[in-house]
Structure formats: C-alpha cells, structure tokens
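Hints are included, so try docking the two chains, each in its own frame, into the full complex.
Listed in order, the protein sequences are those of chains A and B. Residue 130 in full-length UniProt numbering sits at position 130 of the first sequence; the count goes up by one each step and never skips. Residue 22 in full-length UniProt numbering sits at position 22 of the second sequence; the count goes up by one each step and never skips.
If you are wondering where the hints come from, they were derived from the structure by calculation, not from laboratory data. Keep in mind the model is a prediction, meaning the values are calculated, not measured. Fair warning: there could be bad hints in the mix.
Distance condition first, Cα-Cα at most 27 angstroms in a straight line; then the derived DSSO-like pairs of lysine-lysine [unchecked claim]:
hint, chain 1, residue 1, chain 2, residue 2
1, B, LYS235, A, LYS93
2, B, LYS313, B, LYS33
3, B, LYS167, B, LYS33
4, A, LYS87, B, LYS260
5, B, LYS260, B, LYS49
6, B, LYS212, B, LYS235
7, A, LYS93, B, LYS260
8, A, LYS149, B, LYS313
9, B, LYS299, B, LYS313
10, B, LYS226, B, LYS212
11, B, LYS33, A, LYS87
12, B, LYS356, B, LYS334
13, A, LYS93, A, LYS83
14, B, LYS260, A, LYS83
15, B, LYS334, A, LYS149
16, B, LYS356, B, LYS313
17, A, LYS169, A, LYS196
18, B, LYS260, B, LYS167
19, B, LYS49, A, LYS93
20, B, LYS301, B, LYS334
21, B, LYS260, A, LYS196
22, B, LYS299, B, LYS49
23, B, LYS260, B, LYS235
24, B, LYS235, B, LYS356
25, B, LYS313, B, LYS301
26, B, LYS301, A, LYS149
27, B, LYS299, B, LYS334
28, A, LYS87, B, LYS167
29, B, LYS313, B, LYS334
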Amino acid sequence: MNEVLEVKFDGWTTTPRLPFVLSGNALCMTVPSYSSLLGLIGCCLGRIVSHTEVQFGFHYQYSTTGNDLETRQRLEFDGRMVKPHAKGTDAYKREFHVVSTTDSAGDLQPCLTLWLNRIDWIDYFRYPIGTPALGRSQDLLHIRFDSVKIMSVEPVSTTNVGGCALPFKSGMQVAGQLVQLADAYEEYERIGAGRKPINPRVFINLSHETNQEVTMANLFRTSEGQSFYLHNWQ
Amino acid sequence: MATLNNITGALVIDGTAAFLNGAGLGAGEDRNKVVPKVFEEMINGRREKVPYVSAQAWRRWLRNTSNEENSWTPSDLQAIGVSKKGTTNKISTLLDPIAYPEDDLFGYMRSGGNDKSAASDEDEEDEAPTKTKAESVQRTSPFKCSILKGIRGKRVLNVDEGFVHLKENTPLPYSTQFYAAHLEGFFNLEYYRLGQFDNLGSKQELASETVKQYADHLTGQPLGSKGTFRRFTLKDAEQSRKERAAGLLRGLAFLRGGAKQAAFGTDVSPKVLILAGLECANPVFNNLFEGSGEMPSLKIKALQQIMDDYRNKLATPVYIGIREGYLQNEADVKALADGTNVVVGSPISVAQSFIKAHLITTPNE
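Chain B with its partners taken away, still in its complex shape (with noise of 0.2 angstroms):
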C-alpha cells in the first residue's frame, strides 16, 4: 500500500448567478458597470471568456471556514513594519504554525531587509552578507490549489440593470455583470509537510524566536547536502497532522464566503468534491468536468485513466461525493462505487468518510 503523503482533489462550485470575486468597474468609458474577474481562453480559435475566482479570494474562504468549522485561533494579520510616518509598511500573519493550525497548512511570509551598511568589499565572494536587521521567514503553503474556472460549455456572463436613488425621482443607472457558471478547481495538500520545517539559505520557516520558544516541542535534524540545514519536526507531529489535515476538509466540504452574497446569496460548499491520499504530489484531478449537457458532467474515462495510471500511488480509495441531482452523468458516476477502490457519497459525508478512514484523531470523530 502506498503511502499518504498528500491529499489531491477537486471541486465544483454552483455559480448559477453569481458575483463572486470581482475586478473593480468595467473598461474605458464604461465605468459605472462592475465587473467580476474573466480571462480569456482560445476555444476552436476564437476567444472566450471565462469567469473565475482567484485562488488568493477562495483560499481565504477556506481559511475562514476551517477556522469556524474547527474553532481554531485565526492567526491575525499584525502589522511588523512602521515607516517613518508612522504607518504601516508591513504586515504578516502571526507566522507560529506551531499554535496555529492556519499558518502551518497555509504558509506565510515575513521580508526581512539586509542591512546595506554591513556589507563591505571585503566581503569575500561566497559570503552571503553577515548582519541582517530581520530574519526573513517564509513557509510556502502545503495547501496549493488552482484558480476556480467556469467549465467549458457552463459560463455564460449577464449584465444586471439597477438605479441607485440618491434623491426622490433622480434614479442612477449602474450596471453589475454577473456570471451562470459551473466552476472547477482542484488542489493538492502535501499532508507529509504539516509539522514539519525546513530552514534552509534562501527559505527559512521557522524563526529563530520561535525555534527557542518552542524548543521542547520539536526534534531537530541536519539537511542538505553538507548539513548545514536543519528540518525541525513537531514531536507529536503525526498526531497533529491528522488533526489539521481533518480539519481543512471539514473547511473544505463547508465552504463559505463569496463576493456579492446579499446580492446574489450564492452557496459555495462544493456540489461535487473529489478526494485521494496519494503517495506522489501530481495534482492529477484537474480538467475533470465538461458542460456540453444540461449539468456538468464528470469526465468518467478520464478520472479511470488516471486510476490506473496511479494505482500503486493510490494510499486511499477515491472518494467522490455529489450532490443529489447536480451531475449529468449521476448514475454513471454512481455506478464506480465499489467500497474498495470507489467511494460515492454526499460532498459532506465523502470528508467525513476519508476523515474517518485516514485521519481519526479521536474515537469520538
């Protein structure tokens, strides 16, 4: 059996009227028309547009969710750099992913500065510069995912028509462009990195504060090719990485957030959430979804490809969950369910299942 090194899905949103990550107001003269965020694709050779959500605007959805599903501490957005006037030029999270489960599965960043004075031409040419006045520290994210993109044949944009009165009987045109979509995302999280940090030359995640602060927490061990690295691991790693990793899908399975939502009050839990524990990090569910019926479908051959191609990466069934009705295809998708390599449920108990089977942390979960 392969290892559970990381945890690779997708999803699908139901962005039937929707606004829900926008781009400022519409180009040129245009300027009293709102516009949601749209790339263009060449389909058959001409362009098309395609509405989309950021990966930076849903991951914060996600942040948000798995904060409230979990009641872990957010950790806050602080300020770390004053200027001269007195405002601030800096900010970062609380980068401590040792107390907060945010931080360790979504990264951070904190830009230190070399201090110019202390570089000299003495200096030798291997040397990095000595003195630095703050210790830049970064951890990139565990949790990557795509930008969340209206499938094809499912993306159609709308214009809505409103007034604004300002005063009786002087009514104000705007316009709000909106989108009925079908968007697809598909993520990776590289479940072996929570609780645990490398600090190497150019990336270091942990600080040197937090390193003495938590010093009887981890274990600490040379890396890189001379040893001059360290790579600290929490002692009690295994145990909360299960933990955290539970509690991203539950985030996950009931995603909230949304631009726009007391105008367009859309649902964004996922209708469609696909799961695996794999051994390698290749983000293998992407481009699962078409819309050439009246639903979306689910890419049946392709998903079977690449169980194939997979199998012994495979550390877990595949677990697909639906909502009742949502899918074109529902019965064929269905019909893949064979308790041992298939697992078709509801979004909601497809999470609860994978954190049943994979990441039990407690006899009560």
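Next comes chain A alone, as it looks inside the complex (with noise of 0.2 angstroms):
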C-alpha cells in the first residue's frame, strides 16, 4: 500500500464512551474506539460498513474534559395511574471531551484524522450522506472539506505515535489506558436481532499528549511526515 485517503474531522464535543461503565455516571477513554469509527464511517457513506471493507488508521486528540449533566425524568404508578415522582427529576453526569482548540484567528483546529485505505471512497467523505458525530447525536463533527485528499504513504517499522489505539500485547514498552474491547461489530441477518462483536481484545489507548515509540508491524508515515497504525483487523 503506498496511498491512503485522509479526512480530517473538527468539532466543538466529543463522547468517547468508555464501554460496560453503567453506574449512572459516563466516563470517557483517551481515544474513541475502531468499533467507533467503523460507525462514523458507515455514517459518512450512509450505509453499515463492515470491517472486512477497509482498513484505517487515526489520530484523535482533545484540549479539556467536561461533565453535562442529563436530566431523567422519574415517573411513578400509584396503583391506579403513572403521574410524575414526588421527588421531581434526577440528573446523570456524563463526561464529554472539549474538541474544540482554535488558532489565533479562531478557526477549529481538527481533532480527529482518519487514514482509510479505501481511496475509492473519497466523494463520501467530501459529501457524506449521513450526519457525522462522534459519540452522542450532540457531538456533531464536521469534516474538513480542503482535508479530503490521496496521500502518498511508505511503511515504516520504527516510529512515534500517539491519540490512537494500538492492539495490546506483553511486553510492548508503551504507556497508555488498557481496555478489552470488540474490535467491530456485525449485524445479524435478522432484523432486531442485534449485533454480533468481532475479535474481542485488549487494546491500549495512547493519549495524544504522549508522543511514544514503538516497533511493530503496519506502521506508516505520510508524505507529511505524520505517522500512524494502520488497523487490519488481525
């Protein structure tokens, strides 16, 4: 492979939600998952994407976490009817990541470039069919229209990387948060029926902030000298 597409994201919110937490309280990981992203994906070419047609690498990074905080509504049933709960209503705080960094004339800066290697599909990520958020439906994301473009790639074994997600394994020499995660998810044929995950394992989260080195195999560079982990699902 000597050519991807890149697709650069900006925003002002994102919900990286950190899976099986359902204590009322939502946490956020470092770095969305490739389940995530899969999902974003599909989203731009309005249609489920599957895992097997593609493979992608990303860099993500935020500036600031903040806690919304959502309202439930409680409801009770006195025997006879549902009205609302004495008590009134109850919050849930839910952790997002601030996006939005801005340059001295206050234009976003992108928080989220995606390396896919499916430069056939360079029209859906110009004019995406689907609305593109990542996390909850208010973490709108916008792509960079200029940001959509072929770019010339050259594997590498050795390099720097960081606000990506790397597949775990003993002994690697990188710090980061570890979580056991599917590495995508299919449908079932039957309708309603859910889905099915693919692959789980433990994957290690790299903070943006932490620029780390590490050898391992589908490692490339751009012609931009930035540098990423192409996931193959493998």
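Shown next, in the form of structure tokens:
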C-alpha cells in the first residue's frame, strides 16, 4: 500500500464513551474505539460498513474534559395511574471531551484524522450521506472539505505515535489506558436481533499528549511526516 | 441542481444576562451557589470557562415550540416498564413517527431485553438469541444539533448575590452564577429520512405492532447486502416530509425556553439564523461567529469559502436571517444578498421564505 485517503474532522465536543460502565455516571476513554470509528465511516457512506471492507488508522486529540448533566424524568405508579415522581427529576453525569481548540484567528483545529486504505471513497467524505457525530448525537463533527485528499505513505518499522489505539501485546514498552473492546460489530441477519462482537481483545489507548516510540507491523508515515498505525483487524 | 436531502444551518442566541441551563450547585464548600453549565476551552495555552446549553436542553425547547407553533399533539413520555415494587423503571415517548411529527423529527428509543433463559450452549455461533421479552426500538434523530456555546470574546461569567428571608430579620445569602454571552449552535436535519424507517439487525425504527397498525400507509422494500432487512416509507412521504420540516423551521424561528426565565427573562429566539438545503449531510455552518468587537460578527470569508466548496451540493440559496442592529458587521452581511445565492432578511422572514420556496405544502402557506 502506498496511498491512503486522509480525512480531517473538527468540532466542539465528542464522547468516546468507556463501555461497560453503567453506574449512572458516564466516563470517556482517551481515544475512540475502532468500532465507533467504523460506525462514523458507515455514517459518511450512508450504510453499514463491515470491518472486512476497510482498514484504517487514526489520530485523535482533545483539549479538556467537561461534565454534562442530563435530566432523567421519573414517573411513579400509585396503583391507579402513572404520575410524575414526587421527588421530581433526577440527573446523570456525562463526561465529554472538549475538542474545540482554535488558532490565533479563532479557526477550529482538527480533532480527528483518519487514514483509510479505500481511496475510492473520497466523495463520501467530501459529501457525507449521514451527519457525522462521535459519541452522542450532539457531538457533531464537521469534515474539513480541503482535508479530504489522497496521501502517499511509506511503511516504517519504528516510529512515534500518539492519540490512537494499539492492539496490546505483553512486552510492549508503551504507557496508556488498557481496555478490552471488540474490534468491530456485525449485524445479525434477522431484524432486531442485534449485533455480534468481532474479535474482542485488549487495546492500549495512547493519549495524544504522549508521542511514544513503537516497533510493530502496520506502521506508516505520510508524505507530510505524520505517522500512524493502520489497524487491519488481525 | 443538487437534491434537497438535508437542511443545515446555524443559529445565535442573545444570552446577555442569562442562566439557560443549570449544572446544580457550586463545587466543594460553595454549596449555596447555583451554577450554569460551563466547560473549559484552551485559548492560547490558557483555560477559559465557556458557558453552554446542552443539546438535550435546547432540543426540548425546540420540541415544545414546534408542537405549539404547529398545533401538533406532543408524543408524551409514558411508562413502559414497571419494577416488582410497582415503580417505573423505563420510559419512552409513544414511539409512533407516523402519527406524531415529534417522533419522526427527533427520534426515540425503547430498550427491550433478551430473555436469557432462551439462550443455551446449543445456539450456533452465528445465531442471535431467538426469543426476546420486548423488541428494542430505536430511531436515531434525523434532527441533529450541537450544544449552544458561548462565542469566543463574548462570554463573561458573573455572580448575582441574593438573600432569602425565611423569617423576618434573618436574611440568608445565596448566589446565582449567570452569564453575559452570545451562544452559537449548528444543526443538520436529515430531511431525506423523514417518513422513512429502516429496520435493521441492530436498529429497528418501527416496532412490529406499528408496522401492522399502519400497513396501509407504508411501502416496504428489502435492505442490506442480503436483503433481509426492511426499509418502510410512508406512501405520502414527500408531502409529510415537507410539512414536518416546515413545522420544525417554524419552531426554530420562534424558539422559546430556558431555565430561570422568571429571574432573567431571556429571549432565546435566534438573533441570527442561517439555513441552506444541502445534498450532503456535513454540518458545514459551524464556528461561523466571533466576538472581537462590541457585538458578535459573522465570519464572512469562512461563509464564502463554504459556499464555494459546496457550490454543486447546495440545493437552495443560503438564507441568512439577522435581527436589525445585532451583528457588528451587519452592513457587510446585507451586502451579500443577491437574491439567487444568498437571501438576507430577519430570522423569522428567512424561515418563512425557505418554507415558501422549498417546502410549500398548501397554497396558503
């Protein structure tokens, strides 16, 4: 592979939710999962995209975290009718990432860069079918029109990466957040039957603040000097 | 001409002296202070507090205003699950996007639950559990919006010191943090999805009982690579799509809502409203305002760049509604109007012009 499709997104907020925490408070991971990003790609294409169709790498960065309060309406059944709960509404805390960093002119800087091996999908990212969002529906992302371009890349064996997720192997000399996640999800064929997790395993999420040296397969460097890990689902 | 698949836009609300969305009490020992929602942004290497209104809050304002402006019957919240104690543990709207425009425009969710007793080791690996207690139904919202965020340079936090007299001569102090801010938001309505419902493996937009109930009003076609999923479309989808999108724009132009209205009386109707029909769904009108002057300004160069980049995907002119005397560079914005590519008027008049030109449903509209 010597060419990839590069796409940059900007926005104000994102919520790369840490899954399996259901205590009422929602927490964020340092970077989004490959399955969420596959969903984001599918949103741009306007259809469900299978992990077998594409390989991609990413760089994600945020500036601060915030805590949103979401109102929860409570109702109670008094034996005869359902009515609002006497104690009123309740609130959940929802952690989110603030990704709106601006330059001196006040223009937004990209928060997410994707590198895909499907250069034939260029028009879907210039003109997406669905509204891109990362996390909750309010975490809208905007694709930077000029950023959607074909970029030449060269494979490298060792490079510095950050703001991405790597499949974890014991002996890796990197620091990050360990999470057990599925690579992707696939739809069951029956309506309403849900989705099947594909290849659950441990990933190490590297924060964008730490640019760490790694030696592994599937590392690439773009002609503009940015390095990334291309996830090939294996 | 591009196809009108999406209606995308931006709005600005004048929140000078406002408390539109609360975040509870102050942190630590500061428990007699009520605070609005705020997050921190990095500006030139330092943290700056930014007041905001969460999307779920202003979507509620928009739902209510749209229902009121169009005399739509609200899709009320109802209890759909009761625990052993008799208390409600699940609620949802009426989940009927055919009868209720609110459900069609804003989506809904009802979580079901797998009947674990049905799952066994004999299940093949590729087979999903076959029995469920209740269907999970969810429609992601065709109307998607950002938070409303204080414009850079136009977001100052203040504190109002007050006293409450529970008994005579025993004044108890309390504080209310509020802001002087102009709040910007952007949105996209996936217009093409109105009146169209996909039933997939992971997302079922119409419950089986709803499909049965409205069988005469729906056409179905197979969907997915193997054709096992279904797409249902209302037979009069084109008509209802226009009516509902027009209703939403009316709600947007007259937006009402917000917390602490008795204390601050903030008018949340948009002072600037930008609308455009687009073939693609990129929410292009984000971050279009700045506040270096006395009043907010529209970044005209950025707007022109957007219009150039998306020229072949713009299905309508760009409608810019501004309240007289609100924008710092009002004269420059008005100079953009050429009648074909850019239409300038008041926020309410541009919403009406957009409806009249692109969403007309009856001769009297």
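So, going through the hints one by one against the coordinates:
| no. | hint | in the structure |
| --- | --- | --- |
| 1 | B:LYS235 <-> A:LYS93 | violated, 42 angstroms |
| 2 | B:LYS313 <-> B:LYS33 | violated, 49 angstroms |
| 3 | B:LYS167 <-> B:LYS33 | holds, 20 angstroms |
| 4 | A:LYS87 <-> B:LYS260 | holds, 20 angstroms |
| 5 | B:LYS260 <-> B:LYS49 | holds, 21 angstroms |
| 6 | B:LYS212 <-> B:LYS235 | holds, 15 angstroms |
| 7 | A:LYS93 <-> B:LYS260 | holds, 21 angstroms |
| 8 | A:LYS149 <-> B:LYS313 | holds, 18 angstroms |
| 9 | B:LYS299 <-> B:LYS313 | holds, 21 angstroms |
| 10 | B:LYS226 <-> B:LYS212 | holds, 23 angstroms |
| 11 | B:LYS33 <-> A:LYS87 | holds, 21 angstroms |
| 12 | B:LYS356 <-> B:LYS334 | holds, 21 angstroms |
| 13 | A:LYS93 <-> A:LYS83 | holds, 25 angstroms |
| 14 | B:LYS260 <-> A:LYS83 | holds, 24 angstroms |
| 15 | B:LYS334 <-> A:LYS149 | violated, 35 angstroms |
| 16 | B:LYS356 <-> B:LYS313 | holds, 21 angstroms |
| 17 | A:LYS169 <-> A:LYS196 | holds, 24 angstroms |
| 18 | B:LYS260 <-> B:LYS167 | holds, 24 angstroms |
| 19 | B:LYS49 <-> A:LYS93 | holds, 19 angstroms |
| 20 | B:LYS301 <-> B:LYS334 | holds, 14 angstroms |
| 21 | B:LYS260 <-> A:LYS196 | violated, 46 angstroms |
| 22 | B:LYS299 <-> B:LYS49 | holds, 23 angstroms |
| 23 | B:LYS260 <-> B:LYS235 | violated, 44 angstroms |
| 24 | B:LYS235 <-> B:LYS356 | holds, 23 angstroms |
| 25 | B:LYS313 <-> B:LYS301 | holds, 19 angstroms |
| 26 | B:LYS301 <-> A:LYS149 | holds, 23 angstroms |
| 27 | B:LYS299 <-> B:LYS334 | holds, 13 angstroms |
| 28 | A:LYS87 <-> B:LYS167 | holds, 25 angstroms |
| 29 | B:LYS313 <-> B:LYS334 | holds, 23 angstroms |
Consistency note: the structure conflicts with the earlier hints numbered 1, 2, 15, 21, 23.
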